[in-house]
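Trainee: Order-wise, the sequence lines are chains G and C.
With numbering that gives the first Met the number 0 as the guide, the letters of the first sequence map in order to residues 0 to 257.
With numbering that gives the first Met the number 0 as the guide, the letters of the second sequence map in order to residues 0 to 357.
By construction, these hints were calculated from the structure, which means they are not laboratory data.
These numbers come from a predicted model, not from an experiment.
Worth double-checking, as some hints may not be accurate.
In silico DSBU-like cross-links for lysine-lysine, where the CA-CA straight-line distance does not exceed 35 angstroms [said to hold, decoys possible]:
#, chain 1, residue 1, chain 2, residue 2
1, G, K228, G, K170
2, C, K330, G, K130
3, G, K122, C, K339
So these bits of chain G aren't anywhere near chain C, every CB distance computed over 10 angstroms [as the list claims (entries may be wrong)]:
#, residue
4, A71
5, E194
6, R220
Simulated restraints on C-beta separations [claimed, not checked]:
#, chain 1, residue 1, chain 2, residue 2, range
7, C, T6, G, I15, 54 to 62 angstroms
8, C, R241, G, S112, 54 to 62 angstroms
9, C, A28, G, L147, 50 to 58 angstroms
10, G, R142, C, R216, 32 to 40 angstroms
11, G, G38, C, R216, 55 to 63 angstroms
12, C, Q10, G, E243, 53 to 61 angstroms
13, G, S112, C, R340, 35 to 43 angstroms
14, C, G121, G, N182, 35 to 43 angstroms
15, G, L147, C, L251, 33 to 41 angstroms
16, G, M211, C, R340, 41 to 49 angstroms
17, G, R16, C, L129, 42 to 50 angstroms
18, C, V205, G, L117, 44 to 52 angstroms
19, C, M119, G, N182, 40 to 48 angstroms
20, G, F191, C, L306, 38 to 46 angstroms
Just so you know, even glycine gets a beta-carbon here, dropped at the ideal spot from N, CA and C.
Residues per chain are reported as follows:
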Amino acid sequence: MILFQANDLSVRFGGIRAVDSVTFEVRQGEVFAIIGPNGAGKTTIFNLISRIYNSTSGKLLLGDTDFTQTPAWRIAGLGIARTFQNIELFPNATLLQNLLIGRHYHARTNFISEMMFLPSVRKAELRHREKVEDVIAFLGLERYRDSLIANLPYGVRKVVELGRALSIEPKLLLLDEPSSGLNVEETEGMGFWIEDIKKDLGITVIMVEHDMALVNQVSDRVMALNYGKVLAMGTPQQVQSHPEVVKAYLGGEVEGAA
Amino acid sequence: MRYLFRTQYRQDIALWRHNGDRFWYGLLAVLILIAPQLLGEFYIGELGGVFIFAIAGVGLMLLVGYTGLISLGHAAFLGIGAYVNAVLLSHGVPFLLTLPAAGLFTAVCGAAIGRPTLRMSGLYLAIATLAFGSIVGTVFQKWTAVTGGFDGFAVPTPYVFGIAVESATGLYYVAGAVLAFVLWLSANLLRAPTGRAMVAIRDSEVSAQSMGIYLARYKTLAFAISAGMTGLAGALFAHYVRFLAPDSFDVLLSVQLLTIVFVGGLGSLRGAILGAVFVRLLPQFIAIVRDDLPFGIGRLPGLEPALFGLALVLVILFQPAGLNGMWLKTKAWFQAFPFKRQANFRRQKSYAKSERLK
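Pulled out of the complex, with its shape left as it was, chain G reads as follows (with noise of 0.2 angstroms):
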């Protein structure tokens, strides 16, 4: 069953074409890796399906809902979840208040009961929490749940940032280098956890990645960009051995070099 489509997408940045045509799908239940270069428009994708930026052209298709024109704040209702490249937790708040932020988009009480905390408020935040509580179960954050953020090591603070990703309750989960910045054991570590959400909660994982040994521990299938083009799409074995993609990272001739 196919969850996630992108048709025929594209976005130009003046003249630059960012992302151009590009078209794949994301089956239920896999992990979909995105690698390339730097510049490649991997994280230029995710910004477009997290409707940060708007798409030159092109569809994109939840399931059977097109929300190619859905404004940024709506996303995370459909499902849609993300993460970011270099952190973007809140950090003059707690582990906890962070995760419940993820629980936004679950919250039915209006601000009048809130500033009155009546007892619907209070019966929704408990439920909130006890939602968070099995996410900071899940991942094993159980000492850092009262710390700031910023008082909170970076490999602490991306495994945080996957936690809220997953308090939205996702259907679909965008990792942006989940392993960026982490030493070799964390982004093991980290590596454990995808294969855990999309094994045990069974969320389908889209995630941009440069470390191929992640890459291929956790990944169904993988799709090489260059230059906002599809070089190659399949396992990670085929992809690997491309001869486009070993051209794109490894260098090949110039056409017209001197």
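Fit chain C to the supplied structure of chain G, relying on the hints for placement.
Mentor: Chain C alone, transformed into the frame defined by chain G:
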């Protein structure tokens, strides 16, 4: 040291964390209730003023300290609240209706200024709100049919349950009650989704959006709630000064309100109160020591604004967490005694994002 042993999630969302909190805040409440028996009329009047400015401070704190939006126009909201209250009272509407009406009307005005400035932040927002403040100030001056213009407006005496609030003590109790109410509303809001959304907007707009927070809605809401609370303070301020003059709601007052928030410590309700105490009592302190200062410093014109500015600079340089930060550090020192940790008292150099004015 106190270790909290928590066994239920509801303990984490309780307003009082433990019985120690209940005891000390209870003691404070009792002291506030019996203060008029212990202190003279003058001091009670001054404390009433502190309460009124603390209400406005809490309102501004929600906007600046929690949502990360700046406003140099809050004196206008104070003024709108004051005039709405006074004008309605003079038409014979009872005080128990005019007070909430002043708050609500000011909240609507807040939403009206919040909406068009949605895409602004930092200095641009400061300038936009400054402009709003001066427009409202001009309206107060020129709309003589309602405000009386420069002739001023005598504020009628309010009646609460048939009792005239004429003395400083009466206003002190009314302002104290409103302050407690506003604090309760704010604390509730901050432990609920709306409060967390505000904090999220302050810390990272792009990821707040990806979490499903509609920025336009929550920024407008933050402006409305902040203005509404300031409007309540304004209604009480009208009774505090008894005679409204349009030029009393100028930019200097806005800066004073902002000083409350910054000196008190951004991102803390307690900070708003400590800041109000500081801002209201500093002029009194200057008045007391004025004659004893050497070289006639005390008689220099502009001494008060200069000291406010100096305090603001010193706090931002040496104590970014403000008076609230000092309080927390002092508390930590006593709790850990005799095991003082040097790191706790080292000069703080990190700033909250909202202080950097993106």
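Trainee: Now look at each hint and say whether the structure bears it out.
Mentor: Results for each hint:
no.	hint	result
1	G:K228 / G:K170	holds, 26 angstroms
2	C:K330 / G:K130	holds, 34 angstroms
3	G:K122 / C:K339	violated, 41 angstroms
4	A71	violated, 5 angstroms
5	E194	holds, 24 angstroms
6	R220	holds, 25 angstroms
7	C:T6 / G:I15: 54 to 62 angstroms	holds, 57 angstroms
8	C:R241 / G:S112: 54 to 62 angstroms	violated, 37 angstroms
9	C:A28 / G:L147: 50 to 58 angstroms	violated, 30 angstroms
10	G:R142 / C:R216: 32 to 40 angstroms	holds, 35 angstroms
11	G:G38 / C:R216: 55 to 63 angstroms	violated, 36 angstroms
12	C:Q10 / G:E243: 53 to 61 angstroms	holds, 59 angstroms
13	G:S112 / C:R340: 35 to 43 angstroms	holds, 42 angstroms
14	C:G121 / G:N182: 35 to 43 angstroms	holds, 37 angstroms
15	G:L147 / C:L251: 33 to 41 angstroms	holds, 35 angstroms
16	G:M211 / C:R340: 41 to 49 angstroms	holds, 45 angstroms
17	G:R16 / C:L129: 42 to 50 angstroms	holds, 43 angstroms
18	C:V205 / G:L117: 44 to 52 angstroms	violated, 32 angstroms
19	C:M119 / G:N182: 40 to 48 angstroms	holds, 41 angstroms
20	G:F191 / C:L306: 38 to 46 angstroms	violated, 59 angstroms
The structure fails hints 3, 4, 8, 9, 11, 18, 20 (numbered hints given earlier, in ascending order).
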